[in-house]
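Chains as they are written, first to last, in the numbering used here: chain U, 95 to 246; chain P, 95 to 246.
Quick caveat, the hints were computed from the structure, so don't treat them as lab data. Watch out, some of these pointers could steer you wrong.
Just so you know, same-sequence chains aren't split out, so a pair can sit in one copy or run between any two.
Mimicking SDA-like on lysine to any residue, the simulated pairs with C-alpha atoms at most 20 Å apart in a straight line are [unchecked claim]:
no.	residue 1	residue 2
1	Lys109	Gly210
2	Lys109	Arg155
3	Lys224	Ser154
4	Lys109	Arg205
5	Lys109	Arg188
Bear in mind the structure is a predicted one, so any value in this text is a computation, not a measurement.
Each chain, written out:
There are 2 protein chains.
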Amino acid sequence: MVSFAQVAPIVSALKWNDEGLIPAIVQDAENGDVLMMAWMDEAAVRDTLATGQTHFYSRSRRCHWHKGATSGHVQHVESIWLDCDGDVILIKARQIGGACHEGYRSCFFRRAGQSGEFERAGEPVFDAAKVYGAAGGAGSGSTENLKEPNHA
Amino acid sequence: MVSFAQVAPIVSALKWNDEGLIPAIVQDAENGDVLMMAWMDEAAVRDTLATGQTHFYSRSRRCHWHKGATSGHVQHVESIWLDCDGDVILIKARQIGGACHEGYRSCFFRRAGQSGEFERAGEPVFDAAKVYGAAGGAGSGSTENLKEPNHA
Chain U
95 MVSFAQVAPI VSALKWNDEG LIPAIVQDAE NGDVLMMAWM DEAAVRDTLA
145 TGQTHFYSRS RRCHWHKGAT SGHVQHVESI WLDCDGDVIL IKARQIGGAC
195 HEGYRSCFFR RAGQSGEFER AGEPVFDAAK VYGAAGGAGS GSTENLKEPN
245 HA
Chain P
95 MVSFAQVAPI VSALKWNDEG LIPAIVQDAE NGDVLMMAWM DEAAVRDTLA
145 TGQTHFYSRS RRCHWHKGAT SGHVQHVESI WLDCDGDVIL IKARQIGGAC
195 HEGYRSCFFR RAGQSGEFER AGEPVFDAAK VYGAAGGAGS GSTENLKEPN
245 HA
């Protein structure tokens with residue numbers, strides 16, 4: 095897990111959008127796969143820095159979520175990068191289980207095929223119905239389940 | 095370069111934000127590095143699909159830009175991926191030169207250090223002042239130069 099002597103310089107370097115948010119790309123520190131993109135507000139950035147695990151802000155539900163709080167599929171932060179404009183964060187993280195609420199390692203599991211249709215590539219790494227509840231992504235009562243589909 | 099028999103299925107699968115835009119992450123197809131994140135509107139997606147090179151929409155300048163139009167540092171699309179929510183695109187591309195208008199291969203060239211300050215990691219791969227003009231990123235008259243710093 096990363097640790098920082100001071101959080102303030104990181105927070106002050108970030109450029110927030112009109113909603114006070116910044117997009118955060120999470121990349122698998124082990125194999126380089128892009129796992130997901132979600133949004134952070136300042137509190138989510140601070141929680142991520144304080145705990146060494148990713149936290150985000152759900153725009154649709156207007157609340158914070160700790161990635162993996164329900165599923166155990168947390169993301170251990172290994173390094174934090176900022177783009178040239180200062181308005182996008184890249185987090186390299188060690189992903190436990192899978193990042194995607196549909197059971198895949200990465201949320202980007204659909205690839206545009208020759209026909210122009212998006213096709214599933216690869217297989218799920220866990221059973222989403224078991225992990226998030228029998229109702230799957232449609233409101234099982236799992237806090238994380240309800241939040242993760244709205245991560246962007 | 096990728097080619098698609100039909101563009102309509104790809105375009106119709108995308109979920110646009112209130113501004114009619116979708117974030118597009120570009121990943122280096124050779125080494126997996128995340129190169130940049132920028133925004134696309136429908137026209138940019140169509141231009142990207144039609145030409146096999148990335149096109150974006152600049153929110154700050156309210157105009158389209160063809161990545162590499164000035165610098166020659168185009169991105170040849172190898173594959174297009176969509177996340178589970180359908181609202182973020184991942185493009186794996188073969189990057190010519192560097193993606194960043196500051197001369198780096200990736201726009202994510204600053205890493206948060208132990209002190210909490212973002213520090214430059216690695217070296218530029220081209221001379222931004224030469225490629226974009228002597229004024230660097232501060233308005234040299236290069237169309238791309240003026241647009242690229244505003245890519246997010």
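Please name the hints from earlier in the document that this structure breaks, with their numbers sorted from lowest to highest. 3, 5
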